[in-house]
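Visitor: Single-letter residue listing:
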Amino acid sequence: MKNISIYISLVLLIFSGVMLFDSFKLEYGGDYGPGAGFLPVWVNGILFILTFILFIMSFKKDIRLIKDVLPQHKERLHLLITILSPILFLTTLNFLGFTLSSILVLFCLFVLSFKWYWSATFAFIVSIVIFFVFKELLSVPLPVNQFGW
Amino acid sequence: MESLQLLLQGFETALSWNNLFYCAIGVLFGMLVGVLPGLGPAAGTAILLPLTYGLEPITAIIMLAGIYYGSMYGGTITSILINTPGEAASVITCLDGYPLAQQGRAGAALAIAAIGSFIGGTLSLIGLIIFGPIVANQVLKFGPPEFFALVVLGLTLLVALMGKSLIKGLIAALFGLSLAFIGQDPGSGYIRFSFGVTNLTSGIEFIAIAMGLFGFSEILFNIEKGLDNKNSTPAKIKGLLPKKEEWYPSLKAIGRGSGLGFVLGLIPGLNSVIPTMISYSMEKKMSKTPDRFGKGAIEGVAGPETANNAYSGSALIPLLTLGIPTSPTIAVLLGAFVMHGLTPGPTLYQTNPTVIWGIIASMFIGNLLLLIMNWPLAGVWAKITLVPFKILLPILLMVTIVGTFSIRNNLFDVLVMLIFGVIGYFFKKIDIPLAPVILTFVLGSVLEKTLVQSLTMFEGNFFEFFTRPISGVILAIAIISLLWSIYGGIRGKKVGVDDVEI
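Chains W and B, in that order, give the protein sequences. Heads up: the first sequence at position 38 corresponds to 38 in the numbering used here, and the numbers run straight through without jumps. Heads up: the second sequence at position 489 corresponds to 1489 in the numbering used here, and the numbers run straight through without jumps.
Treat the hints as calculated values from the structure; they're not laboratory data. Be careful, since some hints might not be right.
[Stated by the list, open to error] So the derived label-pair ranges between C-beta atoms look like this:
(1) K2(W) / L1240(B): 53 to 61 Å
(2) S1194(B) / L65(W): 35 to 43 Å
(3) V69(W) / V1387(B): 25 to 33 Å
(4) T1467(B) / K25(W): 32 to 40 Å
(5) G1104(B) / L88(W): 46 to 54 Å
Only a predicted model underlies this, so the values are computations on that prediction, with no experimental measurement involved. Ideal placement from N, C-alpha and C gives every residue a C-beta, glycine not left out.
Pulled out of the complex, with its shape left as it was, chain B reads as follows (with noise of 0.2 Å):
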């Protein structure tokens, strides 16, 4: 009951016009990111993040929410119209979204994803309404060694899942908390490994390595494949809604897609790609005529984008009630609410409570305005994929430059994120992966705050932690999904997803 009151006072803010115009541009511009291929949800939220300096938080973190889920509905148009995602969550629609182009059928599976995402975000924001404060207010409860054993258990679980090989993904974790050293220590306040640089100092700027990894390594990728790479066309779109007797199926598909992205999104490491390939795999594993996937059926569309919707509402969650990030771009808005003078985490909910439902409110406009623009006009953004390269990466490039520069009108940052952004490249070009750099490099500081501060409580001995029940169970998770892990990379069995979402 609390809860409603608190959402309906989150109305009033997020419906004031300054922040309603802002939500607007947020999923305008999420939109666009969504469908320019190439340009992902992190890439796209590190390189617009700038545009909100001159904002107040609420109104910026409501415009970056925004782009963020806005994103996850704007690859599904070209996936759909041209066969090419706008981005990874996306590539599972093509199987079923454009062979249903193709047979004139556009605006049906258009249609069914709009709703679908409609429907998956707005559960799982129901989901977060519920949850948000219960979970807010049991972690309130939590000491050091709680939140140390949370941050190593998303940390193991994101290395455990993310990337081909586990020596890579643990290279990639080590490396963004070695990076995370650089500057002063939390305990301390002693300069570390600034090497006489005095703009190392104060450590490295988070957007400028993020801005780097995923925006101009990005840049670079899209520069590779060459500046002459053209979309083809899109196909026509012909009516808007699906056949009577889709429905059903559809709605099914809706439903089971909402729960299955909602429960992935609580998970670290777990892209937005998985929620998708799961969905798909277990619609054509429950249709009572499977071979009709990959030739057009309207569930292959439905389940998969409900899914990737419902998952980008409930990794809100661990963000919001425990401050910790379980994907790059939710990394990005944790770069952004620190920003802007923002910690997020339970005390959030306390301190500053009409930011957490001015967001989440602001998150259902959201999601409504992007069905109005993605149903009936999917064919004019379609038109925007047939913006030339050429035109639009140097311009993405410039913008990166001085959005960089922007963080703290320091020429330094663009530099770090130069490097950064050649260290993305070639890390790619390896297979190690990018989110845990950034994820350790996000989560550094806590871990080592509340390891010192556990330790410190502990007099040193580290098995202290095991005789506290909650720090107890959750480090020994962490340690079962890394040997778990460790045991399927010797097997030659380790369950890993692409580095993907960026």
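The following block holds chain W by itself, in its conformation from the complex (with noise of 0.2 Å):
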């Protein structure tokens, strides 16, 4: 089980079964045409049918090992943490304000590659022009801490 394929059209597979399911509680057909799930039932049916045979293709002629297609070691690392880096925005950003949360956020992305004092420099500088382009110059309502950033 270490071939990607599988687990991707996996995750299509229950996707698509899902919205199939969903789409049959639809009325399907109405007095004056075709309903709320006319086209979710064809589309998701065809949608199902596909990625049931991308599912059985990944067993058989679609197979990618996961230590090809993913990256190892520290890049593999990188990349977690990057992903993980706007849910560590999302999670924040109501009780820290945007300034904070985002010198947090761009601190973890940087101190990957530069020493800890650079990483907080450049941190706090691109956090603090990030906020004056949006806030101030495209009014974009940013959430803010008690103190206003």
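Starting from the two chains in their separate frames, assemble the complex, guided by the hints.
Guide: Shown next, in the form of structure tokens:
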């Protein structure tokens, strides 16, 4: 089970299965023409069949080993941190405010390549610039802490 | 004549200081996107979209269009000077551009690329001016069945041409269509597939998906390559003109590239790489000395560079006249139109001529600005590639996060962006193309609305589509193209193109 195609096609199969199941709950046709479920039933039905074929193919024809497809060692860690960084931003934003959350996330990303003091400096400068551009120039209401940043 | 008058009015709009400024900013960012390897036009346009939130609709579109066609220019510089294409359409330019640079003739290659790009871009704009209103006028006569048939044709051509596997192309297209069902049903107003999540009742935000699939997933791919990844030092530029005897064959290649790029830009699913590849092989075949190609033939730079810029202009015709995007970048532009309260399509020519003609006029100005920026300043642009990824990528990531948040000031959109970034990353790992996902998602509501309207008109009889000449012919072409693709897939001869224009 080191074949990544199996996992991706399985996720797609589950997605299409759930969508197809939910499509059946919708009205297929009404008095005046097709209902809300008409196209979803067909689209999700065909998608389900195709993802099932892909799932079967992934065992025999479309084999892609995780070790060949995903990065190893340092790059894998970097990738994971990058994927987690928006989650860190989302979880801290409401109580830390934009600037501190942004500094935290950027620090985590910069520190992968720079010394901690350079990372802190870059994170601080970039966050302030982004805050200024979006909040002041573009008038985007960024979530702020009790101090207004 | 009327078009000319409207174009002059468009120039009046485009030449206002404000629009001129944002046009320059747009092409500047576009150049930057083009120059930086690993950041394609769709990703660049999506990431920079939030910068236009506070702008007037016309100014915003002028800026975003500038990013789009500007990126086509920028990619050339790195292809010629450091043998690294800034975006996919410039891959082919490396073949002869870099050898020319090694021979100390980088200036000549850059000059012919800039001139070709300018001529190709300008000619395709003239095509847009001539054919745009004609097509829009004809399309006004279309009813829901004709629009449905057109969308189906666009999607089948896309699926038939995109990706290496027909099954994966179809899965990508249907996945995008399935996502488009989330939210309110366009016919009955019924809320579908929200699974009790309040944020899903209004559907998934298109820009969040685009940012994820094309922005965040690209960042992940670049991180995978290693943050210490560095580009080589650019070659020195000497002289800014080709030799006297090179002008004539170059101009002939530019002429052919313009025509080719213009025609191919009208076909859905053909990304900007295809015109460059066809142009290159055409130039090689037509040359009396084909063995020069790959060793520094100037026509090998002139043709493809012209073709990709001609393509980018004509690809706007289906968008502006039919409201149908033909590539992911154009889909992002469509999203930008909608975000700013404009609906591209035939009625836009009637309801908002100032916008349409202002954008077209701004593209003439933008092309001229790009010629100036590219030709004498190429060396300066090339130095930008020396900015290390380890600085650039965290900044891009933060701009992507904040930009996604600022669409609706909603953290849910950031989560959507993250999810689709990861989906995009893994889809690419098993060669599921991303372009069909975004295009079917964008066209999903139009497809469903026109299908429901048509079937209501036909009292449920699907075959009525074939009794109307226009919808019948278009649907027949769609079916033939799909069958041809299935046949090609079974015979193992599928003519697929990589999903590269991101």
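Visitor: Indicate, hint by hint, whether the structure satisfies it.
Guide: Against the structure, the hints come out as follows:
{"no.": "1", "hint": "K2(W) / L1240(B): 53 to 61 Å", "result": "55 Å, holds"}
{"no.": "2", "hint": "S1194(B) / L65(W): 35 to 43 Å", "result": "38 Å, holds"}
{"no.": "3", "hint": "V69(W) / V1387(B): 25 to 33 Å", "result": "29 Å, holds"}
{"no.": "4", "hint": "T1467(B) / K25(W): 32 to 40 Å", "result": "34 Å, holds"}
{"no.": "5", "hint": "G1104(B) / L88(W): 46 to 54 Å", "result": "50 Å, holds"}
When each numbered hint is compared with the structure, no violation occurs for any of them.
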